[in-house]
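Model the full structure from these sequences, guided by the hints.
Just so you know, the sequences run in chain order S and F.
Each residue of the first sequence is one higher than the one before, counting from 268 in my numbering.
Each residue of the second sequence is one higher than the one before, counting from 268 in my numbering.
Treat each hint with caution, since some may be false.
Which copy is meant is left open, because identical chains are indistinguishable; a pair holds if it fits in one copy or across any two.
DSBU-like cross-link-like pairs, simulated, lysine-lysine; straight-line CA separation at most 35 Å [to be verified]: (1) Lys-333 <-> Lys-360; (2) Lys-333 <-> Lys-283; (3) Lys-333 <-> Lys-312; (4) Lys-333 <-> Lys-353; (5) Lys-312 <-> Lys-269; (6) Lys-341 <-> Lys-319; (7) Lys-269 <-> Lys-333; (8) Lys-333 <-> Lys-285; (9) Lys-333 <-> Lys-319; (10) Lys-285 <-> Lys-269; (11) Lys-319 <-> Lys-285.
It should be emphasised that the hints constitute simulated quantities derived from the structure, not laboratory data.
Given the structure is predicted, the values throughout are model-derived calculations rather than measurements.
Each chain is listed here by its residues.
There are 2 protein chains.
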Amino acid sequence: MKSNSYYGFFRNFANKTKMAIITVLMDGPMNATDIAEILGEEQSKISHNLNKLAHCHVLEVRQEGKNRIYSLNKETVMPMLKIVEKHIESHCKGARCIE
Amino acid sequence: MKSNSYYGFFRNFANKTKMAIITVLMDGPMNATDIAEILGEEQSKISHNLNKLAHCHVLEVRQEGKNRIYSLNKETVMPMLKIVEKHIESHCKGARCIE
DNA sequence: CAATCATATGAAAAGTAATTCATATTATGG
DNA sequence: CCATAATATGAATTACTTTTCATATGATTG
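In structure tokens form, the structure reads like this:
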């Protein structure tokens, strides 16, 4: 296991904006502008982040007219979040574990 | 699911040194000095990182004489790495996915 | 093909995290 | 208790990442 080199992948989750995007996309695919709107964030900020997430296949993209529709790679992301949730549940009850 | 707030947890894995520590501890518990030695890293650098990892219960610590023995929380970490491994396997074959 | 909506891009600036270095603690064996 | 081995701590520096801002590119529609 080349676990040593996985840290790049985890960067996709180690940031507030990226996690917000991921959370929004849990409800279904959406285009970039709408994501930005929902999060109340700058278009280009969202675009930069979407690119990184898609680059690592945390998100998938498809072109639809002039829109690019981003969707969550649930197969990877959901079980991952599940693990974190469980971890926090059992180790970080109320505590300042995560901040 | 408060997934939005999980990003702090992921920081434990989004860094080279921390992942190196985690990897070393996959082989079993070890004290701080030995970890530093094996990784060829500065004692205090390792110490700072160990603290953060332990703070989030990614690692557990126990005092043993003047040594502090750090061990990996395998229950959380192993399945997490498994997911990443599988993801890379199926999406990042040879590609510049992760860098 | 001009206008416009949607998105991307790149470089500079800002923000945040990691490392270093010097020093402080803490524990134990003699 | 003193010496020392093991580890922690904090502030300053350095290194990275993220954001911003201005601008560019792409697609579509009339």
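Violations among the numbered hints, reported as their numbers in ascending order: Violated hints: none; all satisfied.
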